[in-house]
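J.: Sequence:
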Amino acid sequence: MPESVSSGPGRNGPWLQNGWLRVESRQDDGSLSLVAIATGFRPAERALAAVTLASGEVLAFSRSDYELRPYADALGEGRRLLLTSRRPRAGVTLQREVVLYDHRPYAVTRAGITNERDGPLPLGTFHPFRIPGEGRARLQLASRPEGVRVYRHGWQSWSPTLSLGGADRDVQSSPPVLAPHAPHQQPGRFAPDDVAVLFDPQSGRSLLAGAVTARDWLTRVVADVPGRSLDAVCDADAVPLAPGETAWSERLLVDLSGHPNEQLERYGDALGREMGARVPAATPSGWCSWYYFYTGVTEDDIIRNLRFLEQHRRELPVDTVQIDDGYQADIGDWLTVNDKFPHGMAWLASEIKRAGYTPGIWLAPFLLAESSKTFAGHPGFAVRDGDGAPALAIDNWGRRNYALDGSNPAARAWLTDVFGEICDGWGYDYVKIDFLYAAAIAGRRADPSYSRARAYREALRAVRDAVGDRRFILGCGSLMAPSVGFFDGNRIGPDVAPFWRFAAKADRDAGVVPARTPDDPLSAETAIRNTLTRSWMHGRLWANDPDCVLVRDGRTRLSDDEVRTLATAVGLSGGMMLLSDDFAHVGPARLELASMLVPPLPHSAVPSDLMERDMPERFVLRWQRHGEERLLVALFNVADESRDLTLELPEGAWHVFDVWSRSYAGNLRGAMALPGVGAHACRLLALRPLTPAPCVLATDAHIGAGIIDITAERWEGGSLVADISTAGRRRRSIWVYGAGQQARGARFGRRRADVAALGDGAWRIDLEVDAAGELRVEFE
1 MPESVSSGPG RNGPWLQNGW LRVESRQDDG SLSLVAIATG FRPAERALAA
51 VTLASGEVLA FSRSDYELRP YADALGEGRR LLLTSRRPRA GVTLQREVVL
101 YDHRPYAVTR AGITNERDGP LPLGTFHPFR IPGEGRARLQ LASRPEGVRV
151 YRHGWQSWSP TLSLGGADRD VQSSPPVLAP HAPHQQPGRF APDDVAVLFD
201 PQSGRSLLAG AVTARDWLTR VVADVPGRSL DAVCDADAVP LAPGETAWSE
251 RLLVDLSGHP NEQLERYGDA LGREMGARVP AATPSGWCSW YYFYTGVTED
301 DIIRNLRFLE QHRRELPVDT VQIDDGYQAD IGDWLTVNDK FPHGMAWLAS
351 EIKRAGYTPG IWLAPFLLAE SSKTFAGHPG FAVRDGDGAP ALAIDNWGRR
401 NYALDGSNPA ARAWLTDVFG EICDGWGYDY VKIDFLYAAA IAGRRADPSY
451 SRARAYREAL RAVRDAVGDR RFILGCGSLM APSVGFFDGN RIGPDVAPFW
501 RFAAKADRDA GVVPARTPDD PLSAETAIRN TLTRSWMHGR LWANDPDCVL
551 VRDGRTRLSD DEVRTLATAV GLSGGMMLLS DDFAHVGPAR LELASMLVPP
601 LPHSAVPSDL MERDMPERFV LRWQRHGEER LLVALFNVAD ESRDLTLELP
651 EGAWHVFDVW SRSYAGNLRG AMALPGVGAH ACRLLALRPL TPAPCVLATD
701 AHIGAGIIDI TAERWEGGSL VADISTAGRR RRSIWVYGAG QQARGARFGR
751 RRADVAALGD GAWRIDLEVD AAGELRVEFE
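If you read the sequence shown in the working numbering, its first letter stands for residue 1, the second for the next number, and so on.
Just so you know, these hints were derived from the structure itself, not from any lab. Note that this is a predicted model, so its numbers are computed, not measured. No residue lacks a Cβ here, since even glycine has one placed at the ideal position from N, Cα and C. Accuracy of the hints is not assured; some may be wrong.
Stated by the list, open to error - Under the rule of at most 25 Å between Cα atoms (straight-line distance), these lysine to any residue pairs were calculated in the SDA-like manner:
1) Lys353 with Thr726
2) Lys353 with Glu299
3) Lys353 with Glu315
4) Lys373 with Gly420
5) Lys340 with Pro379
6) Lys340 with Lys353
What the hints assert, rightly or not - Estimated spans, in silico, between C-beta atoms of each pair:
7) Pro689 with Ile37: 31 to 41 Å
8) Glu774 with Gln741: 14 to 24 Å
9) Ala281 with Ala772: 46 to 56 Å
10) Arg622 with Pro588: 24 to 34 Å
11) His181 with Ala281: 33 to 43 Å
12) Gly244 with Arg354: 58 to 68 Å
13) Ser559 with Lys340: 24 to 34 Å
14) Ala281 with Ala589: 27 to 37 Å
15) Gln741 with Arg662: 17 to 27 Å
16) Glu780 with Ala281: 37 to 47 Å
17) Gln741 with Ile37: 50 to 60 Å
18) Leu522 with Gly10: 53 to 63 Å
19) Arg42 with Glu774: 53 to 63 Å
20) Thr691 with Arg42: 37 to 47 Å
Starting from the given sequences, assemble the full structure and let the hints guide the process.
T.: Right, dumping it as structure tokens:
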């Protein structure tokens, strides 16, 4: 079937079609019907569009004219259908645009309004894609409502992101994680931000709807599963539309093809292209002061751990040292340093650079503490509430903190000055900016023409302009889609913590809180969940920051299994890998575990059971080498008791290697039983297809089990030859398969290496690697 878009007039209105999707329109009400060509999936007969004014007046489409023409943008070439509905009595003209691309399996649509009245028109909400849930227009799903799964994306870094069932309730998080709109209270009614996926298990079909632009408005996708309705809503914040001006909703992508994971990856690609994503060539790794020292950090703490990194560069080849919260005089007074840093921050940056690392520093630039000199001198920098008082963004650090008004030019100039001094004056080439949601809270701003999204983005623009393109910005506590294009890296989950779950066991046993709640803040479990459920963002929107890996032996309630599970999730995510311990309290075994996480893997694993449960339990990384597919599969037991797990193998025979137990399980077909996996524990298995010739099975140098630390492999005249890199642990073992042949010996460079027979045709070679070299295993 040809992929290029065709179009033409239909009985009720014009249509568009490519190799994946057909879009039919109706001129009488401006509605659209989308059908997936391969499956016949038609989720709705009439997806409407409308604009609501701040007064509550609903402006819907009536009789429309249309225009069809070729079209091209960042997503590719195709054709554009524009429906125009003139409403002279209402004093507006409504437009609906839909674009179908030659080589994309999705459609992109938006709704617009032109003000033809004499005065300004305060805008309420745009509804570019609305399935009303009435009659034949209802959402068409084969499963009963309780069986439908919804991918519920949160509005900012710390917001819970997970899949929920049609009988579940929307997640209620504590401020400031709470979205700018209250969650629905009835079961099966959800309000995901930016993007949502509805998955119908009975038919295996799914619908993704998500905003691929986020420049002007905040977008949510309201899904009512029992009511069989869906409404993409762009909140316009009562921004006035001047006479003669036109305003558009954000562009909304609708995808009906493939598995939800594939749809989210395509959505991420489209969002990144539309918003000009910044994806670094290399994902950073490093050390952060926060999770051991918190606000009590001192200059001596930084220097002591910097010296440890210098002395253990082989074991921990990280590139960044990040000074977190605790150096500043107050929240907002970023250029005034407290007495715990007597040499000042410029001196500390130079020490970090002299040691060979990138100096990083933390700020919360969109917060102003009530006690800060900056707020006292510039009270007009703050967003105001309905009574004209400074709008509270968060009560933290023992004081009230107000939100910076990004619509205020003086506030943006202050941001430029602060970051100019930190980067150009002090010498920091990496800045972590935190609590950023503050700039998008509801309130009165200096310029009423600014929406929350625009004020947020203009504040970010001031930061990026001051920092410059060559330096790294890590966002945190940030809005997601509206941040794309400003950050190099972004936190995608809540804070990790040195305990598995926030709620105390006594509280759980007493029934004060459920055994597991999706909105538990500050825990290893919740950080892991978002690491899995937002893995599709990595390498498409930015480098994902899954938060720090905590490996210390003391001042932690994490068990060995929980530490390994956290390391596995972060390691397989391919995202940023920051340690946050005082190295004086990290033993040799935990240091070797940390060594196995550097450098980060080249791309992220995928949660294959994303739409089956709220906490995925299978994280699968696929990669190709010499045309052969290999897999790394992590299976997590997130239950509070031991469980039996099962690895379902792809078709054919596979070598299976257990990474954490350092054991070869043999070549297997069908499935592999994993009995008695402990509470909060995991199994990490490296899979390679059974081959007729000797091959490398895996290594224990790096969590990739050979992805990173073995750069090439070949069969040369009776010898298996592998090129070995320094990545990972110095002392390492490499497991090889003999395919019926006997290993006679091995050499690494000029040195002989020990070879041990293990049975099942497997052999283990033990060696130390201080420099890259060639391993040659000779077979009879």
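J.: Do the Cβ positions of Arg622 and Pro588 conform to the proposed distance bound of 24 to 34 Å?
T.: holds (33 Å)
J.: For Thr691 and Arg42, compare the CB-CB distance with the range 37 to 47 Å and indicate the outcome.
T.: holds (45 Å)
J.: Using the beta carbons of Glu774 and Gln741, state whether their distance is inside 14 to 24 Å or not.
T.: holds (20 Å)
J.: So does Arg42 sit 53 to 63 Å from Glu774, Cβ to Cβ?
T.: Holds, at about 58 Å.
J.: Note whether the CB distance of Gln741 and Ile37 lies within 50 to 60 Å or breaks it.
T.: Since the Cβ atoms of Gln741 and Ile37 sit about 51 Å apart, the hinted range of 50 to 60 Å holds.
J.: Would you mind confirming whether the straight-line C-alpha gap from Lys373 to Gly420 stays at or under 25 Å?
T.: Within the cut-off at roughly 19 Å; holds.
J.: Looking only at beta-carbon atoms, does the pair Leu522, Gly10 fall within the given range of 53 to 63 Å?
T.: holds (54 Å)
J.: Within 17 to 27 Å: is that where the Cβ-Cβ distance between Gln741 and Arg662 falls?
T.: Between Gln741 and Arg662, where Cβ atoms are some 23 Å apart, the hint holds.
J.: That 33 to 43 Å hint for His181 and Ala281 (C-beta), does it hold up?
T.: holds (38 Å)
J.: So if I understand the rule, the pair passes when the alpha-carbon distance is 25 Å or less; does Lys353 with Thr726 pass?
T.: holds (23 Å)
J.: Taking 25 Å as the top limit, are the C-alpha atoms of Lys340 and Lys353 close enough?
T.: OK: Lys340 and Lys353 at ~20 Å, within 25 Å.
J.: Starting from the hint 27 to 37 Å, judge whether the C-beta atoms of Ala281 and Ala589 obey it.
T.: Taking Cβ atoms as reference, Ala281 and Ala589 lie about 33 Å apart, which means the hint holds.
The structure fails hints 5 and 9 (numbered hints given earlier, in ascending order).
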